[in-house]
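Chemist: Model the full assembly from the supplied sequences, consistent with the hints where possible.
Numbered according to my numbering, the sequence shown spans residues 1155 to 1303.
Watch out, some of these pointers could steer you wrong.
[As the list claims (entries may be wrong)] The calculated label-pair distances, taken between Cβ atoms and stated as ranges, are:
(1) GLU1196 / PRO1259: 10 to 20 Å
(2) LEU1164 / PRO1232: 20 to 30 Å
(3) ALA1274 / GLY1179: 13 to 23 Å
Worth flagging that the hints you see were computed from the coordinates, not collected in a lab. Note that the coordinates shown come from a computational prediction; the quantities given were computed from them, not determined experimentally. Positions of the beta carbon are idealized from the N, C-alpha and C atoms, including for glycine.
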Amino acid sequence: MTRAIVWGGLLAGTGDLVFALSYYGMKLRVFQGVAGGLIGREAAFSGGPQTFALGVALHYGIALIWAAIFCVVALRLPSLLRNATAAGLAYGFVVYFGMNNVVLPLSALHTPFWPPKLDAPAIAAHCFVFGLPIALAARRVLLGGPKAA
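Modeler: Printed below as a string of C-alpha cells:
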C-alpha cells in the first residue's frame, strides 16, 4: 500500500503544482500561501524562498495524506479500485470541497468556509490531475495492473 500512496501522492501533487503555477501564475506567493496555512499569512508572505519551499513540502505532504485516505478506503471498498476512473474523478471533487470547506478554514489562514467557493477550473483540476491519478495509481499497485474502468 505504501507504493500506491507514494505514487498517487507524487503524481497528484505534481499535477496540482503544475496546474496551480499555470492557473495562478509562476509566483512565489502561490506556495507561500500553502505555507500560510501552517505559519499564518503574514509570516508566509514575508518569508521569501524559504516559505515557498515550506509551501511546496506541505503541498506534497497534503497530497500524500489524501492519497493515503483514498488507499485505506479503497481497501475496504474494492469497487473504488475496479471503477478507478469514476472514483478518482469523484474523489477529486471531494478533495476540493474538503480542502476549501474544512482544511483551509481550520488552518492559520482562517479562510471563510461559507459561502462555498466554486472555482470551476480548480474543481476540474482537482478531479483530473489530483483525484484521478491517486485512484489510477492505487488501482495499478493494489490490483496489480490496469483494469477496465
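Chemist: Now tell me if each hint is right for this structure.
Modeler: Now the hints, each set against the structure:
1. GLU1196 / PRO1259: 10 to 20 Å: 18 Å, holds
2. LEU1164 / PRO1232: 20 to 30 Å: Given range 20 to 30 Å: holds, Cβ gap about 23 Å.
3. ALA1274 / GLY1179: 13 to 23 Å: 18 Å, holds
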